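Colleague: As a plain string of letters, each chain reads:
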Amino acid sequence: MSKNTVAITGNDAAAYAIKQINPDVMAAYPITPQTALVQKFSEYVADGLVKTEFVTVESEHSAMSACVGAAAAGGRVMTATAANGLALMFEIVYIAASSKLPIVMPVVNRALSGPINIHCDHSDSMAARDSGWLQLYSENAQEAYDNTIQAIRIAENMKVRLPVMVMYDGFITSHGIEMVDFLDDEVVHNFVGDYQPNNPLLDPEKPLTYGPLDLYDYYFEHKRQQAEDIKNSKPIILDVAKEFEKISGRPYGLFESYQLEDAETAIVVLSSTAGTTKEVVDEMRAKGKKVGLLKPRVFRPFPYQEIAKALSHLKAVAILDRSDSFGAFGGPLFTEIRSAMMEFGKIPENIDIIYGLGGRDINEQDIEGVYNQLDAIAKSGKVKERIQYLGVRE
Amino acid sequence: MAKLKEVSKKQDILSSGHRLCAGCGASIAVRQILSACDDPVVVASATGCLEVATTIYPYTSWRSSFIHNAFENAAATISGVEAMYQSLKKQGKIDKEMKFIAFGGDGGTYDIGLQSLSGALERGHDFVYVCYDNEAYMNTGIQRSSATPRGVWTTTSPCGEVIPGKTQYRKDLTGIIAAHKIPYVAQASIWRWSDLIDKAHKAFYTKGPAFLNVLSPCPRGWRFPSEKTIKMAKLSVQTNFWPLYEVENGKWKLNYKPKERKPVTEWMEPQGRYKNALRPENKQLVEEIQKDIDDNWERLLILCGEK
Ligand SMILES: Cc1ncc(C[n+]2csc(CCOP(=O)(O)OP(=O)(O)O)c2C)c(N)n1
Ligand code: SF4
Ligand SMILES: [Mg+2]
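Protein chains in written order, with the numbering used here: chain Y, 958 to 1351; chain E, 15 to 321.
Check each hint, because a few of them may be wrong.
Pulled a few chain Y residues facing chain E out of the computed Cβ check, cut under 10 Å [to be verified]:
id, residue
1, Val982
2, Met1021
3, Ile1052
4, Ser1056
5, Asp1171
6, Phe1286
Result set (DSSO-like, lysine-lysine): computed pairs, CA atoms no more than 30 Å apart in a straight line [as the list claims (entries may be wrong)]:
id, chain 1, residue 1, chain 2, residue 2
7, Y, Lys1163, E, Lys24
8, Y, Lys1057, E, Lys107
9, Y, Lys1116, E, Lys107
10, E, Lys24, E, Lys110
11, Y, Lys1008, E, Lys107
12, Y, Lys1057, E, Lys103
These are computed hints drawn from the structure, not numbers from a lab. From a predicted model like this one, the values you see are computed outputs, not experimental measurements. Beta carbons are placed, not taken as given, at the ideal position from N, Cα and C, and that holds for glycine.
Work the whole structure out from these sequences, hints included.
Modeller: Below you can see the structure in the form of structure tokens.
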């Protein structure tokens, strides 16, 4: 074990990443299950371990508002939130993206109210999927740490200049203690590099106006540009991942495939549940079952071609959604993947499994049950119920 | 004291050609205030008349750097700009002296933006916040705010068969801000331009947060002819409706005392929004409004050590 391997919670790992990134400004407000991150960072500030101007705002709305001001001023800016905090800052989340401000924000996934609940699901970040932010999902504390560092490079790339959310699961990852490999401070400093300002407010020689009134004669063109910009971030995400692998030895892509190439059936699932699923895959593979897993890492921009292609050889696939889209035909991950699969003639049979809302546990038997169901679908070619709820009392 | 000759030589940061109404008090307030700043300044504005009429893409009326974020967060936004300035200055990445100012209407300040403002003041950022108070949500078509005075017609406090316009008195925002115990708080008028510019100068050059509340007559929403803007500002002060005072490091000081205060009806009569309140059957309402003004004035005299 290298000297930088420590047993640590996801929140402390993310806070440590922020300490090493050492942003110019951080503006944040505490909310469970993100609170420990803000507390840890406050200690770094109190001990003089960062140069960061820490703005202890009175709400998440002001957190994102101050981030927008600080990023427009011209420097590296971070915040972090969860659930209701993200919902409260929603208006400004959109403004940050449309102003092309490279803010990086860990979002510790938690169920949105109501009723109020502090445990994990993905309804918070999924609600923000159309806000124009990039979204990276993390399986565990190591990925939360790695994604936070990579997010800075992606956001600040001159071809991107967009804000990035880094998700990890509330309590499961945020409070669970895991072994995490930290990079040296120097290595992180060199990797993220110096901030390159782009149209800063703090240049009196070049005054400019941020946030003008933009009506029917220009707004649409600006939105069109936004659509292009986020699409163009995809190769940058991959470049940054390659460079990150060089310093860490840990490979990252748009998604992770696990025993997928020769699989007949597979599960697609985000974040910590992918970890549990890997266990099940190993057990079932040992029994000769050809099962696999696809764990999306990048949800925005959505790698629809790559994911659809990676799934195209399957007989049946289950897409697991840890959030619902009330009144829609399935959860957000399902609708996007099913729609993407239309690109490739042969579409595997597919079902949507909505699970784990409000922190409801999902265990290995549940997942094995999904694989068994897929097996039956593959054999019969029949889907009894397309959209299903797993682990709920009906 | 500000000298007209010197002030008029300065280039306006808010250029002409903006689309605020003729006679808009807000643009006069902004120009007077910004003329008091001798350093480069970053301006933030809340959504409202000032912002929509000065930044219609692809044009801008601002010669300084300017940021509009949303309606309720001008204070939080400028606090972020200021925090970045402090950070970069500490790191030696910037050495210029710069100033930071946010403008919000009464809606963006008394109502929806009060929390954001209170937070930024409490945190002690080095910035100036100006409320250009035109006593209603003008940009969206004259809706009542908590700064709208009692008896006034607006589109959400219309004069109906049973309710005669706004029934509540206005909120004492300047008092609320003074209770934050920030270094400098003042109430000012575009009619007393020299007093306003002096106050703005103090606000810019006081370390820490400073707040100015400036009554900004609105011909459109108050229903008076656009050439009477300064006259309206004058009447508001002479009737004690809008007293001029400042609170410097906790010390209250009265800046203007009319020889003889004019009756409130002189302030009300030229304004169409008070038409209903001035009907003979509403005599008691006017008496109550007058009493409220006189009571507030008495309290202010005590706070300012004039009594
Ligand atoms: C969150 C939000 N709510 C409502 C609005 C609509 N709105 C825009 S400006 C405005 C009123 C502005 O009033 P005020 O702050 O007094 O400025 P004025 O227009 O009078 O100068 C309102 C209600 C908005 N833009 N954002
Ligand atoms: S409506 Fe009133 S505040 Fe708005 S621009 Fe016109 S005069 Fe100024
Ligand atoms: Mg107003």
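Colleague: Against which earlier hints does the structure fall short, listed by number upward?
Modeller: Violated: hint 6 alone.
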